[in-house]
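Whole structure, please, built from the sequences with the hints as guidance.
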Amino acid sequence: KLGYTLAGPHRADFSIHCSNTPVREHLSRGQLKLLGLSLALAQLQLCSKSGQQGLFLWDDWIAELAVKTQITALELIREFSGQSVLTAPSEHWPSESTKPEHMFHVEHLDPAT
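Numbering (my numbering), first residue to last: 371 to 483.
Do not take every clue at face value.
[What the hints assert, rightly or not] What follows is a list of derived Cβ distance ranges for each label pair:
no.: 1; residue 1: 476; residue 2: 451; range: 20 to 28 angstroms
no.: 2; residue 1: 454; residue 2: 434; range: 15 to 23 angstroms
no.: 3; residue 1: 384; residue 2: 459; range: 26 to 34 angstroms
[Claimed, not checked] Taking lysine-lysine pairs in the DSSO-like style, the calculated list, with each CA pair at most 27 angstroms apart, reads:
no.: 4; residue 1: 469; residue 2: 403
no.: 5; residue 1: 438; residue 2: 403
no.: 6; residue 1: 403; residue 2: 419
Source of the hints: derived by calculation from the structure; they are not laboratory data. Given the structure is predicted, the values throughout are model-derived calculations rather than measurements. For every residue, glycine included, the Cβ atom is placed at its ideal position computed from N, Cα and C.
Okay, here's the thing in structure tokens:
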């Protein structure tokens, strides 16, 4: 009726349960974020095995993650052979990790000026 679907794997619409309870009720927001990262990277790894390269997008990647976890996540992403785009609300980058080759900063303009 709508001309598009509201649910399905193409929309990453699935749930994971533990003891018949959604894992979102057991895990913290940071842990849920890492679970999503793990699933996305596993999917990209499967694509690369079939000769395809993917694009990894992660919005507000630093939120809810401790610095040590940020560094571990970055190491996992660097193992990915495709292109990665990570966004953050600031220029924050863990000092213990190598900065990326390219960074792009968006300036917010005051509409009154």
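Going down the list of hints, with the structure as the test:
1. 476 x 451: 20 to 28 angstroms: holds, 27 angstroms
2. 454 x 434: 15 to 23 angstroms: holds, 19 angstroms
3. 384 x 459: 26 to 34 angstroms: Since the Cβ atoms of residue 384 and residue 459 sit about 28 angstroms apart, the hinted range of 26 to 34 angstroms holds.
4. 469 x 403: Given that 27 angstroms is the threshold and the Cα spacing comes to 21 angstroms, the pair holds.
5. 438 x 403: holds, 15 angstroms
6. 403 x 419: holds, 25 angstroms
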